[in-house]
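2 protein chains.
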Amino acid sequence: MPRHVAPSIAFQGERGAFSYSAALKLLGSSIDDLPCAAFRDVFESLKSGAVKFAVIPIENTLHGSIHENYDHLLEYGFPICGETNIRIAHNLIVMPGTRFRDIRKAFSHPVALNQCRQFFQKNKRIEPVSFYDTAGSVKMLHEGKEPGAAAIASEAAAKIYKGEILRRNIEDDRQNFTRFFLLTKQTRGVRTGSEPWKTSLVFATENLPGALFRAMACFALRDLNLTKIESRPLRGKPWEYLFYVDLIGRTDDRPVQNALNNLSETTRFVRVLGSYRPTS
Amino acid sequence: MPRHVAPSIAFQGERGAFSYSAALKLLGSSIDDLPCAAFRDVFESLKSGAVKFAVIPIENTLHGSIHENYDHLLEYGFPICGETNIRIAHNLIVMPGTRFRDIRKAFSHPVALNQCRQFFQKNKRIEPVSFYDTAGSVKMLHEGKEPGAAAIASEAAAKIYKGEILRRNIEDDRQNFTRFFLLTKQTRGVRTGSEPWKTSLVFATENLPGALFRAMACFALRDLNLTKIESRPLRGKPWEYLFYVDLIGRTDDRPVQNALNNLSETTRFVRVLGSYRPTS
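The listed protein sequences correspond, in order, to chains A and B. Each residue of the first sequence is one higher than the one before, starting from 2 at the first, in this note's numbering. Each residue of the second sequence is one higher than the one before, starting from 2 at the first, in this note's numbering.
Quick caveat, the hints were computed from the structure, so don't treat them as lab data. Keep in mind that the hints are not guaranteed to be accurate.
No distinction is drawn between identical chains; accordingly, a pair holds when it is met within one copy or between any pair of copies.
What the hints assert, rightly or not - The calculated lysine to aspartate or glutamate pairs, modelled on EDC-like cross-linking and capped at a C-alpha distance of 16 Å, are:
1) K229 - E207
2) K106 - D34
3) K229 - E241
4) K186 - E45
Work out the full structure: start from the sequences and follow the hints.
Okay, structure coming up:
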């Protein structure tokens, strides 16, 4: 894309949310960002042409795959054109002038508060207070609504809302990463990461014993490396499943093409979600 | 277990949380329940002997597997002795006397608020307000802290805290189910559901091409039906994965035993998490 026009990108959350950090990592520091309230709004923004790109979280190392976004991927059909991982690190953020010993309240999304339980056990005078968003809680401090309070959010949120980080990485578990997909309507000419190509696909097997095993054979016969496989039961259809598969390779590669042709013989449907080079 | 002693069970959340409903469905209406702040506390309560049972959510149809609880299952080693599904239905709850047209605020966990976006779009005079817990928001109304406000939570929470349901099923997506495991230290003599036996296991493959395919062959060769397969990358160990597998059958069945023996030949480790009869 031309370097002189900042690419427009939609994401869920406030500026400074982890999706926002993923957008910066994928497209560089000069972006024209569109914060959205919900994942569906992110997809709608791309559909309407309001933005050229969208970024969505697809799985987290503690919480697993975000099925809702797989559903949207299938419904909207926008191809994946990039991928990256963001470490979820929580920081205690205040407005300049607030001292650590004076803090009595810390605002954040309850999922984030719950990931910092050891911090609150050690600092019992600080009360965790639920808020609708991590970055939004820093924004709220910035607007002067809770003088003397703290927020728990990303380093990016601290920068955007001119906060000061008093304690870094206060999360209990550091092995907390979220994987994001970059989406666009038209992948031609879009270049993102430099890691080896990956392809993501979804398929549904026939309701027959060994159906998954035959599907797996399509990949194994071509020595294709799978980096993800996940079944998801189809509600109301016992014994029918959706499978998410990621593999190393791109749809232009002959072995991948052959595997996909073979797969379409043995499954009820196959949909390629995209081939992309991850950004490390 | 003897019918005259209420079984003790730990769960995460307040009384009236969806885990609490799962506990009732699994063990009957007479339980001696122990609400816990975090999943780890649930496991610790079982470990210390404070309770005989624990119930944990393991996956959700919108949000996927809860890896954190798989980690705890591996760490603590308590066998699964039961399984059930709970439909996640959100209700608008008030204290008796509050009329729908007077409501200006609705309290709940932000994940629940976010699952009721259409309701808030249609009722713009009602402001969604984040709270640490769904059932906890009804408890708070019950304590008289926000007169005239509403809460969004389960029917069970409405009953426990003497609330009135003004609107049922206000969630956007009705296909929202959570699957729960029942755990105990000693499964002998424990009987729960009446559905066909299932077995859950975790294994890690060797870092070799086709390793997963060979693992899958162990099940396919015995015509065993898998109801779940999911890979999870091991952080810091590229190309090494944990796999979660559920299958129909129990470890006492000869074909399951043979499959497990065969699997241990071709994988780095195999751990059976339990055989159990689901409660429908």
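(request) Would you pick out the hints that fail for this structure and give their numbers low to high? (result) 2
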